[in-house]
Amino acid sequence: MKFGRSWLSAHIFAWLYMVLLVVPLYYLLVSAFKTNDQIFGSPFSLPTSLSTTNFTESFSSAHLGPAILNSMLVTALALVLTLVLAIPAAFAIARAEGRLGALVERVFSLGFLIPTFAALFPTFLLAAATGLFHTRAFMVLFLPATAMPLSVVILVQFMRTIPREMEEAARMDGASTFAVLRHVYTPMCMPGIATILLLNFLTFWNEYLYSLVIIGPDPDLRTVQVALPTLKSLTGTDYGILTAGTVLTLVPVWVVYTVLQKRMQQALVSGAVKM
Amino acid sequence: MTMLSSAPGGASVRGPVTTPPSASTTKRRTQGGVVLAVPALVWYLVFMVGPLVAIFVIAALHWPGMLQPVSFAGTGNISAVLDDPVFWDAVRNTAVQLVVAVPLMIIGAYMLGYYVAQKPPGHRVLRYLLFIPGLISTPAKAMVFYAVLSPDGLLNGALDKAGLGSMTDAWLASPSTALGSLVLLDVWSGIGFTAVLFAARLGSVPDEIGEAAQLDGAGHWRAMWRIHFPVIRDFVGVVTMLQFLWTLFGSAQNVLLLTQGGPGSSSTTLSFLVYQKAFIAADLGYSQTVGVVLFLVGLAGLLTIRRVFRQNY
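Going line by line, the protein sequences match chains L and Y.
The numbering of the first sequence is my numbering, which starts it at 1 and goes up by one.
The numbering of the second sequence is my numbering, which starts it at 1 and goes up by one.
Here chain Y stands alone, though its shape is the one from the complex (with noise of 0.2 Å):
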């Protein structure tokens, strides 16, 4: 705001001095200046663009191992991933994970966050502990669940002491929980995180919304939904579009680290697929088969997702 008052009086008072020479000098300052940008481009694009491109190629090869020979493979990859059962496991685990995980993890921060951000008793602590998940590497994350979740760890502990001893399990090593241990801890250290992104946001919403609300007799929970929301509904989209990207790509981590798709493949997602096709089972055109179908996926989804958040104005 100040910016754009001080600007026009400043060049006013100068302007009929300075414009000869900085009209000459501006084309050459220009054209110097975005030389200093080919560095950072050309590593964006030798790092990152390239391998993205790599990963459109190689689906299209048959290419059984690193030293293997290479051959064109046409659709053959393809329909050699929609042949294979685990595939159709990994779409719907990873389905699931979608559906459950990211919603909860946005309805849940949302929340808290609008809490936070009403400054309760106690709102600086919760800040400073939301923040942690955040902070701590994915290996760090899943040896906590790991000590919690194995056969003698904490949540069995707690359980037995509890007089449920019935109800332990070998949470991560048994086909009907270890898909929902991994969903578990997604929005575990989700939750937090997102939070404080949506008290940050909130924040900065004009107090005189909420006060109006309440001399117009609306409750907290009509406040949170019907007046806040609306307000922060683009950053909710973009909030939402970053939580769908880490669900869909960052398991291929937590599964790897945990279950490593197992039992059978009763945990195996997506992007756990590629990094097992790619280097355990070296089966590299599929590997790369499944990446185009990821990267698929995750287009559509920030695509779904912009559209639902669009302001509505």
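Here chain L stands alone, though its shape is the one from the complex (with noise of 0.2 Å):
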């Protein structure tokens, strides 16, 4: 009754968005399984065989293998170092009560407004003039600052909520600053924890143009995006390949997000909210 006739433009336009999102996807995976000649033939058949020549092949001649692999190793070294640098910095804010902390607060959130993008230039001189230029290190060592803002700002909103009769307690049994910090506030905001690291581990695993100008081209160091459009001009034209390296590129964010979905929706929306 209440999604009466009203609604059928509605309907259709919220479908035909779903048809324009699924279908270059379905083109994506079913082109994965085919030749050239099959692509441009019948784009929208299903494959007649699931044969996957073409993922080795986009492995080998991209060698994505090592790109993963650095994907990886600069993904989960840039999320430690984010927490260990975002954690205690949200307790110190949360339970600040001086104008200092007030201000440290203010001086993160003004961090929303600094467009990373657009230094990309300094960042690159910052590189060269540490010695870290065309490494991963400088990549594990900058991503964390660009997170810090967004991951200290919903950190602190959890630890407010944690009530201070916690700390006080725990105090009483002498516990130091550390101890509070580790055993009170760290596991009473997994939630907040759980949030920054799904939101990071998307933008660090997705990030194409820092990585492509710092780490650069180098096979055995660049990261799987910066890999993958490799496949376009390597290979010319053959889109089996291309498409197969990017469905292999997608695989990984796909099972976190198909696993973990509500908890990702959550973190993702609460990381745009809160900017």
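No wet-lab data here; the hints were simulated from the structure.
All residues carry an ideal CB built from backbone N, CA and C; glycine is no exception.
Warning: the hint list may mix true and false statements.
To be verified - The following label-pair restraints were derived from C-beta to C-beta distances:
id	chain 1	residue 1	chain 2	residue 2	range
1	Y	Val42	L	Leu46	49 to 57 Å
2	L	Phe112	Y	Val99	17 to 25 Å
3	L	Pro252	Y	Val231	34 to 42 Å
4	Y	Lys161	L	Arg263	39 to 47 Å
5	L	Gly216	Y	Gly122	39 to 47 Å
6	Y	Pro69	L	Ala175	58 to 66 Å
7	Y	Val35	L	Tyr26	29 to 37 Å
Grab the two chains, each in its own frame, and use the hints to assemble them into the complex.
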């Protein structure tokens, strides 16, 4: 009753957009199992065989194997560093009462106004000056900085909901500041930590322009997002290999999304909302 | 809410006993605490604020390549940029991109988000699928679009099949469609993700508001724009700012991956110009002058959007 005839245009609009979303992805998936001739001849048909030659070919021609390992390494280390930096900072801000704490919080939230993409060239200079140009190490150091404003702001909000009595009780038992952070605050804001982990996992894994410029094109060092577009030039127009490679880079994110669908949506939503 | 009501109660019970020790420890605690924020702060200043300041410094330098001698250029870069027709092409393209993509995205996403928030049949599937563009990396999206829009890609194949062979085009390589294709990519990937944001926010609007409107005889179109839209107005502003920034700064990546700014300068955007001048043409002063322009446009846009969407009580 609620969705009567007046909703017809809304249903059509919504599902039409759904088709626009799904068709390119369907095309991507089926093309990964086809040859060029089959893709041009019958773009929409299901593949005739589930041969994995395109996948192995994209794996070897774009060196996707090492690239996936590099991406995992950079993403994992950057995530750890983000937590190591953001949790104590959020803890300090959440329980500070003085003006200093408020000031520090302001400085972090002003970070939302800084468009990191604009500072690509100065960042490149910084990498060159520190001797970390063409290394993965610089990306591991750099990515957490870009994640800091959002991560700190989200964590502060979680930590503010922890009652002060919890800390006072721990203090009575002789806990140090560090112990309070470790045994009271960190366990209690696990949902917040999960949120920033998911959010930053997506940004770090999908990072392209900075990885391209700073890590560079060396097949042993580059990340998967940098390796992927090389399939376009390397193989001319072998769309089978190109789409197979694209599918491969999407698998990790897609698996995480499907398993943690609700969590991931919450994380992304809160990430955007706290802006 | 529960926090607010329980805290005073707890304090009044324990207040008299614990006040003296906690008052004396507060100062020490606070000072010891703020130190913990220093590493994060240093990181953030070195890697984000430092480079941002450097943009302005380099914009005032004459620096024709990484290993070339650097000299002070004064306003030389500014006049070089303003005299360059490519810069004005980039301004025009960026303006087109912003004016077309952002409103389309926000209006489309709001309507779609409203639809999903009403929990129509199949809304779970919708929600799952809508998020997909938000998960896919820029290169992956670009590769999908490359495969769809290339001369023998999906779109031309479909047009051929439908007997519209005369409408086929080299979409990314033709001056009249290159920019349009990039805008399309932005809108295609922007609507879904933004719609879920709106749906999430609309989900927390009390049901009574919609029900009251229905009792008053408001149709769903009226309820959507006249009732719910004003309620989440400031959220719409935040999302618009986000999409504005992503479109303004993020376009460098799509342009680089799909058209390289061409043909000619028909799809060169401001943020691609910053990249192209720095890393391909090695005219660093020019590049960062455009960077300053980009930063100022971003700031002006943010302030304008904030003003437009300010809650007027």
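Hint-by-hint comparison with the structure:
1. Y:Val42 to L:Leu46: 49 to 57 Å: 55 Å, holds
2. L:Phe112 to Y:Val99: 17 to 25 Å: Given a distance of about 24 Å, which is inside 17 to 25 Å, the answer is holds.
3. L:Pro252 to Y:Val231: 34 to 42 Å: 38 Å, holds
4. Y:Lys161 to L:Arg263: 39 to 47 Å: 41 Å, holds
5. L:Gly216 to Y:Gly122: 39 to 47 Å: Since glycine 216 (chain L) and glycine 122 (chain Y) have Cβ atoms about 46 Å apart, the given range 39 to 47 Å holds.
6. Y:Pro69 to L:Ala175: 58 to 66 Å: 59 Å, holds
7. Y:Val35 to L:Tyr26: 29 to 37 Å: Cβ of valine 35 (chain Y) to Cβ of tyrosine 26 (chain L): about 54 Å, so the range 29 to 37 Å is violated.
Hint compliance for this structure: hint 7 alone is broken.
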